[in-house]
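Make a model of the complete structure from these sequences and hints.
As a plain string of letters, each chain reads:
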Amino acid sequence: MKILILLLQIIGLSIALSNNQLKSLVQSKSSKLISLTDENFESILQGKRDYHIIALLTSSSPQINCVLCKEIGPELEIIANSWFKDHPNGIEDDFDLYFFKSEFLESRKLFGLFQLNNIPKIFYFPPTNSTANRNYVSEKVEYQFYQGDHKDLMIRWFSELTGYKFNLYIPVDKTKLAIHAILGFTSVFLLKRYKKYVFNVLKSKNTWGTLSLILILLFTTGYMFNQIRGSPYIIEHQDGRREFFLPGQQTQLGIETQIISFVYGILSILLIVLIKRAPTIKTDSINLLLVSIISGLIFVMFSTLLALFGLKGLGFPYRFIRFIKF
Amino acid sequence: MSNVNQLTIYGVDIQLIRTLLKIIIFISIAGAAISSRLFSVIRFEAIIHEFDPWFNFRATKYLVTHSYYEFLNWFDDRTWYPLGRVTGGTLYPGLMVTSGAIWHILKNYFKLPVDIRNICVLLAPAFSGLTAIFTYFLTKEMKDSSAGLLAAIFMGIAPGYISRSVAGSYDNEAIAITLLMATFYFWIKSMKIGSVFYATITALCYFYMVSAWGGYVFITNLIPLHVFVLLLMGRYNPKLYTAYTTWYALGTLASMQIPFVGFLPIRSNDHMAALGVFGLLQLVAFGDYVKSKVPNKQFKSFLIVSVVFVFGSGIAALFGLTAMGWIAPWTGRFYSLWDTNYAKIHIPIIASVSEHQPTAWPAFFFDTSMLIWLFPAGIYLCFQDLKDEHVFVIIYSVLCSYFAGVMVRLMLTLTPVICVSGAIALSKLFDVYLNIKDAFHGDNISISKVISKLTVLLSFGFYLFYFVLHCTWVTSNAYSSPSVVLASRNPDGSQNLIDDYREAYYWLRMNTPEDAKVMAWWDYGYQIGGMADRTTLVDNNTWNNTHIATVGKAMASPENVSYEILKKHDVDYVLVIFGGLLGYSGDDINKFLWMVRIAEGIWPDEIKERDFFTDRGEYKMDKDASETMKNSLMYKLCYWRFSELFGGRDGVDRVRNQQIPINAVPELNVVEEAFTSENWIVRIYKVKDLDNVGRDLYDATKFENKKSGKRNRIVKRPKIDLRE
Amino acid sequence: MIKQFYILLNFLYFTIIFALDIGIEQTLVLHDPEILPLNDSTSGSNFLKYLDSNFELTFADYNNDEISLFYNDEESIRFDNIILFPSSKKTINNKKNLNQHNLLKFINLKGNVLVIGGSESTSLPEPFRIWLNELGIYPAPKNYKYIDHFNTKLSEKNNLIKNNIVDSLKVESYDGSAALITNNELIFPIISSSKTGYTNKVGTPIDQESTWTFGTQGYLAVAFQALNNARVAWIGSIDLLNQVEIYEWVFQKKNTLRLQFAQHVNNEDPSKINPTLYRIKDQAIYTIGISEFKNGQWVPFEIGDGSDLTPQLSFKMLDPYQKLNLEKLGKVSSKEKGDLDTFAYFVNFTVPDHHGMFTFELDYKRHGYSWILDKKIVTVRHLANDEFKRSWDITNSWLYIASTLLVIIAWFLFVVNYIYVGKVNYKKKDQ
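Taken in order, these protein sequences are the chains called A, B and C.
Mind the numbering: the first sequence is residues 1 to 326 in the UniProt record's numbering, read in order.
Mind the numbering: the second sequence is residues 1 to 724 in the UniProt record's numbering, read in order.
Mind the numbering: the third sequence is residues 1 to 431 in the UniProt record's numbering, read in order.
In short, the hints are calculated from the structure, not lab data.
Given the structure is predicted, the values throughout are model-derived calculations rather than measurements.
Built from N, CA and C at the ideal position, the CB exists for glycine as well.
Don't take every hint at face value.
Keeping only pairs whose Cα atoms sit at most 27 Å apart, straight-line, the calculated DSS-like set for lysine-lysine is [stated by the list, open to error]:
(1) A:Lys-174 <-> A:Lys-70
(2) C:Lys-376 <-> C:Lys-316
(3) C:Lys-323 <-> B:Lys-568
(4) C:Lys-153 <-> C:Lys-201
(5) C:Lys-201 <-> B:Lys-719
(6) C:Lys-328 <-> C:Lys-376
(7) B:Lys-568 <-> C:Lys-376
(8) A:Lys-121 <-> B:Lys-719
(9) C:Lys-90 <-> B:Lys-719
(10) B:Lys-568 <-> C:Lys-328
(11) C:Lys-105 <-> B:Lys-702
(12) A:Lys-165 <-> A:Lys-29
(13) C:Lys-365 <-> B:Lys-567
(14) C:Lys-316 <-> B:Lys-688
(15) B:Lys-567 <-> B:Lys-686
(16) B:Lys-567 <-> C:Lys-110
(17) B:Lys-686 <-> A:Lys-282
Quick look at which bits of chain C chain B covers, simulated, 3 or more residues with Cβ under 8 Å [stated by the list, open to error]:
(18) 174-187
(19) 351-365
Some chain C residues close to chain B (C-beta under 8 Å, calculated; not the full set) [what the hints assert, rightly or not]:
(20) Leu-169
(21) Leu-318
(22) His-382
(23) Ala-410
This is the structure we're talking about:
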């Protein structure tokens, strides 16, 4: 095994791709953000390089749930595509520039080599004459993420490093356009066809009532907070432990909105049943049963709510039921 | 009616008893509302809280010591040095005028010369009582007086409203919420009965509201939206027309009398909805008239053509006028409400304010307790009835839920509708289960009925009791700190007051010349103006971004660059807030990145945010701190002589939990320490004069620090910048 | 002219009481008795006579431990002037009192210093050198000498720099050293080396490292005036004491100016001096009075027309909005019923259309004369709500007024028509 690795490394030293090989590889792909995997990274990074490399190390896996990764990926792709739109045949008198994207699941070895603890990372590898083993590990330059327009910040960084000028061509998303067109067309068509029905739905009190109530429940349970802050849905620890609630009044997870809106909704429905439904039951015993059950449920739900609120750790002293461990 | 009048108990007219009871209840509610807002006065003293209230207080003092005319044309030369601020024209005078009027009335008619400070401190609690009463009337319009009473008590003690109206929180919102409720009540009243009289009162309340708070735009949009939705629902009637046109015409004209508002109502897009609905209403009224005169079929084509025409020309006009610059584009704050990323990218100064952060769910529960789940039920019940006034509540609640979700401070406007809606739900419940008649079948008492009623009543009675506990706890723990004085607990549980702010401001007041200019980050501008009475460069009225960025630049730059800025602005003292010794996290180092960002917005070539981070992208103050950070004036002012406190060991910054190395003592060249408060929270530095013999201050300091015993003989030709 | 009358009127109740300090000035002369026994008649003899007749002199050698520059409070100076003669020693005994820090403090407390550089075998003691270096003057060290093989005599053409102190060169032969100076703007050279002069260690060849000055970078006489108007002059040789103006200047007997008053009034209300509040577009009148000290008394300081000595006013808020040359007004008196000892200048200008805190700044810095700096901060406010043009004055409003009138007339006509014209018709029909 060891010998094999050694052998691979020796081979690796000699197999750095030439600029032309890379160029043709890029030209053949539609997305100019080439994927970098455990199979090909040695051949691209190792040894002498007569080209600039910008590599994004990222993951789109839902388990990792990296919000920034999802934001960065498409933006870097736009930059890469714009770059090759300007320079379809590379730069004549200077080093070429290539963009790579490495997905964690496909390149665990690479990630391990760089000893990464967090993603995303953007590395820049300058052209080099060094042939040292794993020279790329020491030669990398890391990009710092800052708040702001990522495309803009990245381009500034790239041009600082390479000295090239970047233009941006933000593509018009054709599929999106088509989908919108089709959607628009079909909706107009359906509207025309089922005019009466649609009109009835639009006029219906229930439609609007449901809509309003759902909106209110979402808004009052921090839905907008999730939208603006992009808070993760749930936190999964490495040992498989899951966290549903983050302590603190000014933080929350995506799932909290769902849980709490559910609790609010149930409480409201129970109350409405108490007000609207229960009095209509004329049989006294059934009435009593219903009212008792609902009152009990309200009590339990409200206790749950208080317990959940207590989890946020504000020193809140009130509980109806002491749930030992929720 | 006559039957009811005859009902008597012990010979007393039952109506009279009812009125009497109501009055007693109102007095109790007002008492509860006011007393729960007095925690801070009892614990600390009658002191103005936070930041903005200090400006309001200062303006009020100006008003009562000068004439109204002078107040209206007040040019404030104590802030925004050297630009000054056209204060009279850029504030909402309602609050100051209100307390000024109360002060004059007490003095002139009751012969009670009350200190204006006490009026200012207690104004908000006093108005909260009024708010409760108006909430009662509003809810009464929605359902009945029992719901009204419930809503009133909810409004009285709901923490969401208390947060902005405790004693000492002398802010615009203190009276604005009262006026909001009053305006809405009169609007509902006038819309219901189509009364010009009530519509006029609505307009007057609206005018008062405009004079008191920038949030009046909420009314300006909500009422037209209500009318618009009613029109869509086909509920047009002449009453609506009367109410709306009266309100709009009078209200708009009146609002334009406030100098700060001026021509906004006909220029700014924020107000266009009201104008649009006004126009639409004319058209609908006209259409209604035509409809009554012409046959149905012709009317339909008339309707289609006119709707298309009006809609098209309306939109074209809006775009055209905006493009031509005739009407102002939406303000940045407005954008930040809709496009939630807008502020983050475009306006760091808005994003930097914590009040503009989105709200997580605990805040909602914290501020309204169980009302938050009664709220949807109440809205559902409104949908069941769906009278015109219920439409109003529904629109209000959906819109405000959104706004409150986007911006923490708009919780304030959501709270009233939560109270109203919760009260509707709860009173409906009580209507059903307090009705004892149900339990009687002829002469028999149905035990199970009684039990079921008791179950519900007792459990909800308990919840209400809990609600009071919750509100009191929240008010007492979260909303009663003046934030000027910080309270902490000693290990033995006794209270320890940290009074550094006042100590430092008082030092400024007593030890610096009256015309001294103090530079500090804008958060402290109002307090310096109010408590220290010294001229500031920037303050919480963030009207000039460039000037704020200048201060940011001075703080973020190396000393020599800062010195030029300081000298150009005639700065005598620099004040920084440093929490590192005590662990007070709201200090300037934690706000520093905002200073950097805002400065970078204006001088991207000179200030770069990334330079303030370590190579690994961390925000550090310890030995790893970046050179730019260590050289920045802010760093030096905060950590100057800091590690000396630790007796030869590294200093520990307790906010950031970082070690400040003993050998990395910053050197100060262009300023000298003038004052540091007891717990080091406030540090004040005096800006040095130009060197008398023309050296730069770095050389001067170096010369000063060199021991005179040490000789350096110059026999070699000096390597200096020579004059040729 | 009415304005000017007002200004003159103002002087009548201008009440700064100013009494000239007649007390005899104290002067300390530090010297090295081995080199310069100050009782023999060297080239400084006229100088000594001058000193004797003008000051109360304290002679001391550099090692005298009794000499202290300050009174015990350390806040006021014992001497008005110090004269430093060259010494043969580099160190001195009285380091406690005579060190660079105390000398700097001496200037900061408005003391004047005349430094006389030495010839080859003498120089200044170390603390004084360091102190001079702080000011930006670097005299050549001991054993250095200023040499010029081509122009052996000083000449006005080669050596005199245009300045406001010395207008003619009275010295020809020069035996002394030269100094380098920095770009400190408070320094202004008087006599420079010629293009062919250099300062070198005696007996060594010219060398990039050790040669002190080359050509015109060396200076033989340099004046320095601190921001508080303390004056210092360094002259490279005792020979230059023949240039009387230099030491008169140092001792504040020449080119000493005083700002007797600076005031501004609003043209609308000239009786109120130095108002703190202006309104935009107001007319402001700014007046100053400057006196010059000549022959023991203050006399008007009058400047020729178009001279670059003309004082300027800047009216600024961050940047100058106005920068104006002051005009001559005439001789006035600084005291009530006093002599005409002051020359007044004034300027009349419109306050810019911009509100804010503005500064009337008179920053008079002419090399050779005392600096004059005066700042007065005023507030310029915006128009009050009732100070704008109203109704008819606004041309734009005519359209609206006209249309209002038109509507009124139309309505009136309509009513008339409706009530009378219509009725007649009905009646006619009925009939």
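For each hint, the structure was consulted:
no., hint, verdict
1, A:Lys-174 <-> A:Lys-70, "20 Å, holds"
2, C:Lys-376 <-> C:Lys-316, "10 Å, holds"
3, C:Lys-323 <-> B:Lys-568, "17 Å, holds"
4, C:Lys-153 <-> C:Lys-201, "20 Å, holds"
5, C:Lys-201 <-> B:Lys-719, "18 Å, holds"
6, C:Lys-328 <-> C:Lys-376, "21 Å, holds"
7, B:Lys-568 <-> C:Lys-376, "15 Å, holds"
8, A:Lys-121 <-> B:Lys-719, "47 Å, violated"
9, C:Lys-90 <-> B:Lys-719, "22 Å, holds"
10, B:Lys-568 <-> C:Lys-328, "30 Å, violated"
11, C:Lys-105 <-> B:Lys-702, "15 Å, holds"
12, A:Lys-165 <-> A:Lys-29, "23 Å, holds"
13, C:Lys-365 <-> B:Lys-567, "18 Å, holds"
14, C:Lys-316 <-> B:Lys-688, "22 Å, holds"
15, B:Lys-567 <-> B:Lys-686, "12 Å, holds"
16, B:Lys-567 <-> C:Lys-110, "23 Å, holds"
17, B:Lys-686 <-> A:Lys-282, "82 Å, violated"
18, 174-187, "holds (count 8)"
19, 351-365, "holds (count 5)"
20, Leu-169, "21 Å, violated"
21, Leu-318, "6 Å, holds"
22, His-382, "5 Å, holds"
23, Ala-410, "21 Å, violated"
Consistency note: the structure conflicts with the earlier hints numbered 8, 10, 17, 20 and 23.
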